[in-house]
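Peer 1: For the protein sequence lines, the chains are A and B, in the order given.
If you read the first sequence in our numbering, its first letter stands for residue 31, the second for the next number, and so on.
If you read the second sequence in our numbering, its first letter stands for residue 58, the second for the next number, and so on.
Hint data in this document are derived by calculation from the structure and do not stem from the laboratory.
This one's a predicted model, so the numbers in the text were calculated from it and none came from an experiment.
Heads up, the beta-carbon is just placed ideally off N, CA and C, and yes, glycines get one too.
Hints are not guaranteed to be accurate.
To give a feel for the contact side, a few chain B residues facing chain A, derived at Cβ under 10 Å [as the list claims (entries may be wrong)]:
#1 F65
#2 T95
#3 P199
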Amino acid sequence: MPISNYIFLSLALFCIGVMGVLIRRNAIIIFMCIELMLNAVNLMLVAFSKFHHDASAQVFVFFIMVVAAAEVSVGLAIIVMVYRQLHSVDVGVMNRLKH
Amino acid sequence: MNWQLIIFWILAVIALLCAIGVVTSRNPINSVLFLIMTFFAIAGHYLLLNAQFLAVVHIIVYAGAIMVLFLFVIMLMNMNAETEPQKSQLVRFAGVISGGILLIVVLAALKKADPALMSGKSSDIGLISNLGQVLFHEFIVPFELSSVLFLSAMVGAVLIGKKN
Chain A
31 MPISNYIFLS
41 LALFCIGVMG
51 VLIRRNAIII
61 FMCIELMLNA
71 VNLMLVAFSK
81 FHHDASAQVF
91 VFFIMVVAAA
101 EVSVGLAIIV
111 MVYRQLHSVD
121 VGVMNRLKH
Chain B
58 MNWQLIIFWI
68 LAVIALLCAI
78 GVVTSRNPIN
88 SVLFLIMTFF
98 AIAGHYLLLN
108 AQFLAVVHII
118 VYAGAIMVLF
128 LFVIMLMNMN
138 AETEPQKSQL
148 VRFAGVISGG
158 ILLIVVLAAL
168 KKADPALMSG
178 KSSDIGLISN
188 LGQVLFHEFI
198 VPFELSSVLF
208 LSAMVGAVLI
218 GKKN
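Bound-form chain B, shown alone:
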C-alpha cells in the first residue's frame, strides 16, 4: 500500500463522514462547519491529483467566501436546533431509501468497468501558468461571459435583497 492510497483513504473517510454530518446534524451551524470540513478534505484530494491551483481556489472561494455567506445568513435568521423544521419519519426513511437505490444502481453499472490505473507520476497541468494558457487561449469567450454572469448576479442579489 503506497502513501498515495493511504492519504486517499484518510481524506475519503473524512469527506464522507463530514458529508453525512451535514445531512444529519440538527443545528444548521453544525451543518455549515461539517460542510467546511468536507471542502477541506476535497481540497486535499485536489492536491493529491496535482491540481494545486484548483485546491487553493477551492479553499478561497468555498471555505472563504461561500460558507461565510451561509454562516452570516444563518446567524441573521437566528436559527438553532429548536427552530429546525423536521420531516416525518416516513418521508425521511423514503428519502434515504431512494438515495441509496440511486447509489446502488450507478455503483452496479460502474462496477464492471475496467479499473484503469492513473499514472502515479506528478504532472504540471494543474499549475497556474499551464491553466492560464488553456483558459486564455481556448476558453476566452466563456471567461468573458462569466464576468457578465457575475455582474448580473450581483445586480440581482441587490435587487432581490433590498427592502421595498
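Extracted from the complex, chain A is given alone in its bound form:
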C-alpha cells in the first residue's frame, strides 16, 4: 500500500478539524475539533513509523496522547468555570478582554 494514502487521509482529517474550529461557536465542539486534529497527526506518525521500521514515532504518539489527556482535563475545567460565570459556552460571548 502506498504511504500517500495515509498522508492524504490524515490531511483530510486535519482540514476537517480546521474547518470545525473556524465555523463552530460552541467552545466544547471547538475543543473536540482540536482533538480531531491531534488524532490526524497521530495517524500520520504511526504510518511513518511503519514506513521507516522505527518505534520512536510510536513513542511520540504515546506522549501526544499523554499531553492530550492533560490538556482535556484542564481545558474542560476552564470551560466549566466560564459556563458558571457567563451561563454560556458561546465563544462570541467570551470577549471580556475587549472591554
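Could you slot chain B onto chain A? The hints should help.
Peer 2: Frame of chain A, contents of chain B only:
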C-alpha cells in the same frame, strides 16, 4: 486489490464521514458520538499498521476516558440543539472555503511526491515489549516529565474547577 487496501478504504470512509458529522451536527451529544466513531476507525487504522499497543491505548484513553469526560460536561450543562449558538452563513462559508484552500494547497504540494510503497509484511515494532524497550531506554526523561505534567494538570483542574 488486496484485502489491506479494501479495509483501508472502508475505515477511511467511516473516519471521514464521522469527522464531517462532528463538525456539522447541531446537537453536541451527536458530535461526541460521531467523534467516538472516528476514534474507533482510527484505532482500526492503527491495527492495520501493526501498532497493536497504540490501538488499545487509543481506545482506552480516548473513547474510554476523554470522550466520557466530554459527555459528562455536555450533560451537566444541559446543552442541546436549541441552545446551540450558530454562526452567520457568511462566516460559515468563509470557514469552509479557507479550510478547503488549506487542503488543496498541501494536497497539491504532496501530489508530486514519490508514492513509496510500505512493506506489506507484518512487523513487531508495535508490540508492547518492543515499545517498552524503546520507551524506557531512550525516552526515560520525557516519560518521567510526563508524570509531573499529569500531576500539575490534576492540581490545575481541581484548582480551576472548585467553587470559590
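Peer 1: Is the shortest C-beta separation between T95 of chain B and chain A less than 10 Å?
Peer 2: Holds, because the Cβ-Cβ distance from T95 of chain B to chain A comes to roughly 7 Å (cut-off 10 Å).
Peer 1: For the hint on P199 of chain B, just tell me whether its beta-carbon gets within less than 10 Å of chain A.
Peer 2: holds (6 Å)
Peer 1: Do the numbers back the hint for F65 of chain B, that is, is its least Cβ distance to chain A under 10 Å?
Peer 2: OK, holds: F65 of chain B within 10 Å of chain A, min 6 Å.
Violated hints: none; the structure is consistent with every hint.
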